[in-house]
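Number of protein chains: 2
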Amino acid sequence: MDKPFSIGVDLGGTNLRVASVTRDGRIIEKIKISSTGDIVNSLITCIDRVFSSDIKGIGLAIAGVIDVENKSITSCPNLRILEDMEIVKIISTRFNVPVFLENDAYVATLGESVAGVGRQFNSFVLLTLGTGIGGGVIYNKSPLKIAAELGHIIVEVGGRRCGCGSLGCLEAQASARAMVEIATEGIKGGRATVMMGHAGGQYHTVLPADIYKYALEGDTFAIEILKNAGRYLGAGIASFISIFSPQAVILTGGLTGAWDIYVQEAIKLASENSFKELFAKTQIIRSSLGDDAGLIGAACLTYSK
Amino acid sequence: MDKPFSIGVDLGGTNLRVASVTRDGRIIEKIKISSTGDIVNSLITCIDRVFSSDIKGIGLAIAGVIDVENKSITSCPNLRILEDMEIVKIISTRFNVPVFLENDAYVATLGESVAGVGRQFNSFVLLTLGTGIGGGVIYNKSPLKIAAELGHIIVEVGGRRCGCGSLGCLEAQASARAMVEIATEGIKGGRATVMMGHAGGQYHTVLPADIYKYALEGDTFAIEILKNAGRYLGAGIASFISIFSPQAVILTGGLTGAWDIYVQEAIKLASENSFKELFAKTQIIRSSLGDDAGLIGAACLTYSK
Numbered sequence: 001m002d003k004p005f006s007i008g009v010d011l012g013g014t015n016l017r018v019a020s021v022t023r024d025g026r027i028i029e030k031i032k033i034s035s036t037g038d039i040v041n042s043l044i045t046c047i048d049r050v051f052s053s054d055i056k057g058i059g060l061a062i063a064g065v066i067d068v069e070n071k072s073i074t075s076c077p078n079l080r081i082l083e084d085m086e087i088v089k090i091i092s093t094r095f096n097v098p099v100f101l102e103n104d105a106y107v108a109t110l111g112e113s114v115a116g117v118g119r120q121f122n123s124f125v126l127l128t129l130g131t132g133i134g135g136g137v138i139y140n141k142s143p144l145k146i147a148a149e150l151g152h153i154i155v156e157v158g159g160r161r162c163g164c165g166s167l168g169c170l171e172a173q174a175s176a177r178a179m180v181e182i183a184t185e186g187i188k189g190g191r192a193t194v195m196m197g198h199a200g201g202q203y204h205t206v207l208p209a210d211i212y213k214y215a216l217e218g219d220t221f222a223i224e225i226l227k228n229a230g231r232y233l234g235a236g237i238a239s240f241i242s243i244f245s246p247q248a249v250i251l252t253g254g255l256t257g258a259w260d261i262y263v264q265e266a267i268k269l270a271s272e273n274s275f276k277e278l279f280a281k282t283q284i285i286r287s288s289l290g291d292d293a294g295l296i297g298a299a300c301l302t303y304s305k
Numbered sequence: 001m002d003k004p005f006s007i008g009v010d011l012g013g014t015n016l017r018v019a020s021v022t023r024d025g026r027i028i029e030k031i032k033i034s035s036t037g038d039i040v041n042s043l044i045t046c047i048d049r050v051f052s053s054d055i056k057g058i059g060l061a062i063a064g065v066i067d068v069e070n071k072s073i074t075s076c077p078n079l080r081i082l083e084d085m086e087i088v089k090i091i092s093t094r095f096n097v098p099v100f101l102e103n104d105a106y107v108a109t110l111g112e113s114v115a116g117v118g119r120q121f122n123s124f125v126l127l128t129l130g131t132g133i134g135g136g137v138i139y140n141k142s143p144l145k146i147a148a149e150l151g152h153i154i155v156e157v158g159g160r161r162c163g164c165g166s167l168g169c170l171e172a173q174a175s176a177r178a179m180v181e182i183a184t185e186g187i188k189g190g191r192a193t194v195m196m197g198h199a200g201g202q203y204h205t206v207l208p209a210d211i212y213k214y215a216l217e218g219d220t221f222a223i224e225i226l227k228n229a230g231r232y233l234g235a236g237i238a239s240f241i242s243i244f245s246p247q248a249v250i251l252t253g254g255l256t257g258a259w260d261i262y263v264q265e266a267i268k269l270a271s272e273n274s275f276k277e278l279f280a281k282t283q284i285i286r287s288s289l290g291d292d293a294g295l296i297g298a299a300c301l302t303y304s305k
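Those sequence lines, one after another, are chains A and B. One point on numbering: in this note's numbering, the residue at position 298 of the first sequence is 298, and numbering is uninterrupted. One point on numbering: in this note's numbering, the residue at position 300 of the second sequence is 300, and numbering is uninterrupted.
One chain only, chain A, in its complex shape (with noise of 0.2 Å):
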């Protein structure tokens, strides 16, 4: 069983990442590059390291909204190049295995309920928390082919702008991006905080990782802003609870590193705020794959279809 069976690429973050994976979904060898540049170039190149006669198809992640029937990207507002271009066609040409396409937090769903801690339930939400956040949701062992656009639930009306055109989105109220915008308003609007003196008073340049650094440090404004923002997070799984009533809420992303102050006052918020019963019977853990999830995925669209 060691031997590759498919390639996973997942063009959904800053880098392009490609991976051999086996057919039980374990990764075999993994190439990361900047995905600026020659994308299409680039993409080739790392394929073409891993490929072998024993690779049966390719599949493809992409932070975006996919046509899948068409096998086309309708909307991918971080690499818009790829928007006019028949990115299937080409690759698929190119190797001569059949190519598939999918939404990033999609296949990031589809890898951890094959290959994850997500294995040992039949449903699940996933939900990625990073700079922006996503999600997909496993029933019946199998991904809803819905839109899951989880970090696009309202739940602030009329609240902070997001970058999808709505207001008070998951999004907008509770992401990696929303923390540091809420930073910087504070400390552009007077706020006492040692952030204020961040990287020798370049407070623009604080990180979320320095907004949990600061916040163990005890700075009020920080931690205020942290449970802020995991709140909202605790209504948004509060919600997805009693829509879903899931045997698992699953974490990924770069937020669940401020775990403890950020998920566990989403998780007191949530435990506060949805049935009981529904509650008592959701665990919300962290993934085990990480960013491999959607390597992983994306390689499982090979033989899911």
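Since the hints were derived computationally from the structure, they do not count as laboratory data. Take the hints with a grain of salt, since some may be wrong.
Said to hold, decoys possible - Listed next, with one range per pair, are the computed distances between beta-carbon atoms:
#1 B:277 - A:96: 30 to 40 Å
#2 B:145 - A:254: 25 to 35 Å
#3 A:268 - B:280: 54 to 64 Å
Claimed, not checked - Here are the simulated DMTMM-like pairs of lysine to aspartate or glutamate, each with C-alpha atoms no more than 20 Å apart in a straight line:
#4 A:141 - B:69
#5 B:281 - A:29
#6 A:276 - B:83
Said to hold, decoys possible - Okay, the calculated bits of chain A under chain B, using three or more residues with CB under 8 Å as the criterion:
#7 143-149
#8 166-179
#9 268-277
Note that the structure is a prediction, hence the values are computed from the model and not measured. Glycine included, every Cβ here is placed at the ideal spot set by N, Cα and C.
Guided by the hints, dock chain B onto chain A, whose structure is given.
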């Protein structure tokens, strides 16, 4: 096809309702009586009146949390007496046909998909807008077997207290009960409104239909109540669109009578706060069956297994 095939029972409302239904989901005979008094005796009497040798099964719809596998009622706040009763066993022993049990919003969704406006869609979200708010989700032509407590998503963190114990549920912010409470609180708090003089000063008897009537007559506070509730409903609808990307959101229940203010405000907010491509693909429409959806859906339980 005009022969009765099964019986649907709806115990979800203030009345006990029973109907004989054809195999293709048409009601032949329908009975309605008050659900006070000895509920089991009333139930048996009503079923008996529409029962015949053609009847292949009976479906019961209950407003509460159902343990479908064990055919038992986990929680039924409006008819607590049913919680300690083996109602399925009682009815199946008495009539000697299979008896099924489901949540009332679930069966309304099933009914709408079998015999209502939902027939034309592969996927839709149904919302029952009344004293409380419930719902169900059709995916690939079948109801998702999830909690679908759509009225209990959190639309206002730290908002109004819901009957379920949470703060800021959709039901606590946008249901008929919420609107009446907000009206009463406002009048007590000194808000200028003609509702103060309702029924000769008996303002606590004001009904949602009265609030709508006063709003149409131009009462500012009545308009504000309906529009605010509508905005929260819109946040819910936007969230369901972002999650499920349904072909339709179907609205039913008494509050659809206030369509021009309440639902219109909801549609406006949802249109501004969901992905344009997803919103454009979603029809927001009225149920074609109204209260009959539950009866038909309950009857359908007998042949959807």
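Original post:
Looking at the structure, which of the earlier hints fail to hold?
Top reply: 3 and 5
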